[in-house]
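From first to last, the protein sequence lines are chains A and B. Just so we're aligned: 270 in the working numbering is position 245 of the first sequence, and the numbers increase by one with no gaps anywhere. Just so we're aligned: 1131 in the working numbering is position 151 of the second sequence, and the numbers increase by one with no gaps anywhere.
Possibly wrong hints are sitting among the right ones.
[Claimed, not checked] Coverage of chain B stretches by chain A, computed from C-beta distances (three or more under 8 angstroms per stretch; other residues unrestricted):
| # | segment |
| --- | --- |
| 1 | 983 to 997 |
| 2 | 1034 to 1044 |
[What the hints assert, rightly or not] Below, a sample of chain B positions facing chain A; criterion: calculated Cβ distance under 10 angstroms:
| # | residue |
| --- | --- |
| 3 | Leu1000 |
| 4 | Pro1002 |
| 5 | Gly1019 |
| 6 | Gly1021 |
| 7 | Leu1047 |
| 8 | Tyr1053 |
| 9 | Leu1054 |
| 10 | Phe1063 |
| 11 | Leu1078 |
| 12 | His1082 |
| 13 | Ala1090 |
| 14 | Ala1096 |
| 15 | Val1097 |
| 16 | Val1102 |
| 17 | Leu1107 |
| 18 | Asp1121 |
Please keep in mind that the hints were generated in silico from the structure rather than gathered at the bench. All values derive from a computational prediction rather than experimental measurement. All C-beta atoms, glycine included, are put in the ideal place defined by N, C-alpha and C.
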Amino acid sequence: MKLKRVAVIVLAGLFVYLSLYTWNLRTGHLDTLAENTGLDAVRLVLKPGRWLADQVAAFWQRYVYLVGLQEKNDQLQAQVDELLMERNSLRERAMSTDRLEKLLAFTPPQAWERVGARVIARRMGPNALLETLVLDKGSLQGVTADQPVVTPQGVLGRVLRAGFTASTVLLLNDANCRIPVLGQKYRSAGVLAGRGPGRELELKYVNLNAPIEPGELLVTSGLAGSFPKGLPVARVLRVERSDLSLFLDITAEPLMDFEALEEVLLLRRTSGESQASPGGD
Amino acid sequence: MLRALWWIGFSAAAIWAQTLLPGVDFLAAGLVFSFQEEGRGRALLLALIFGLLQEGMGSQPFGASVLWYWFLYLLVSLGQYIFQPRSAPFATLLGLTLGLLHFLQTYAMATLAVKAVPLDRVLLESLLQAVVFPLEWLLVDRLYPARMRGHGQPV
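All chains should be built: construct the whole structure from the sequences, respecting the hints.
If you want it as structure tokens, here you go:
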């Protein structure tokens, strides 16, 4: 191959790449194209396999794995009784809170609804820079970018991109994920940041004199505008004072095992209440 | 028809493989094989489809796959003038270069997008890419149906 031809290939490639990159930065058309073709094609390939795996697992659990079922049933029944009592007590407190808020003329918090989704894949491909999950729901089911994703244990992350029938979720433990939180007990504010897979989380920007203690639950503050207020996110592990920083050195642990997730819940604002409100942003 | 079915089957298997080994490109070996066996035209069509798939399932700013497959084209085009192109040693050399390229490109793209990147993880992915590529290329070469060979315009 002549040197001239190599130079032409290199220059032409660079020109095409830079043109596509800058045009996409301005318009976002290529990102949308990739989301609505590549991501959906991946779902098309993975979904039948996942369905088959689910059927096999269900068969196993239904017909083979019956050992200790009665014992487990009794335990769960006892747990249900306890939870019912706790629910009744909490319902009473919630009703009194509603009455007090009405009395003080608080703006009611915005309502959110939950939509279930199944995890069909994790980080995949050479471009998988961030810690992500792929869900089997997309824009056709009302999923949009930045939508909160939770599990019954607490916050999991937010939607990074949404194709027609599949979407990608940025996980809480990714080093690029940030969520404003409050301590549930002492209400000290900070920003929870990931440190990468298998590592603990870091709570940043908490003042040296702020009250916070190990074991305290961290909940969403609602200040970022994308999460409802009060969702559990992580638990404080260690609180250390640094001589070099104006802030406390706080380590937290997530409330769930990110590797074991199979189903998640997507939160979205209920229709007709599109305006952000102070209590529920 | 058989060719289309073969490549659809290959793509599906590669996507499943990518879920098992995150960070590794299982489509690249097929693309190089297509370039060598079927010629530029068909390889370009595959590169467009594979590029969209990788961009869709990835989490980098758009363009990483364009750069990645363009480098691959350059490497194969240049390599065939120096080495025996359809041989295990050339595939191994390509695998090693792709491994190095994965590390450099991921680091560069993350820096450009102001994103934090765990370098130890990217290093492991690069090593896996270097090992997987030649093995997969050999597998594709072995499994590619004999009746489809010789119908394209090999480069």
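Verification of the hints:
1. 983 to 997: holds (count 4)
2. 1034 to 1044: Coverage by chain A holds here, the residue count being 11 at a Cβ distance below 8 angstroms.
3. Leu1000: holds, 9 angstroms
4. Pro1002: holds, 4 angstroms
5. Gly1019: For Gly1019(B), the interface hint is violated, since the closest Cβ of chain A sits about 16 angstroms away, which is over 10 angstroms.
6. Gly1021: The hint is violated - Gly1021(B) has no Cβ within 10 angstroms of chain A, the shortest such distance being about 16 angstroms.
7. Leu1047: holds, 6 angstroms
8. Tyr1053: At about 8 angstroms, which falls below the 10 angstroms cut-off, the nearest Cβ of chain A leaves the hint on Tyr1053(B) intact, so it holds.
9. Leu1054: holds, 6 angstroms
10. Phe1063: It is violated, given that the least Cβ distance between Phe1063(B) and chain A is near 13 angstroms, above 10 angstroms.
11. Leu1078: holds, 9 angstroms
12. His1082: holds, 6 angstroms
13. Ala1090: holds, 6 angstroms
14. Ala1096: holds, 4 angstroms
15. Val1097: holds, 6 angstroms
16. Val1102: holds, 9 angstroms
17. Leu1107: violated, 13 angstroms
18. Asp1121: violated, 22 angstroms
In this structure, the hints that do not hold are numbers 5, 6, 10, 17, 18, in rising order.
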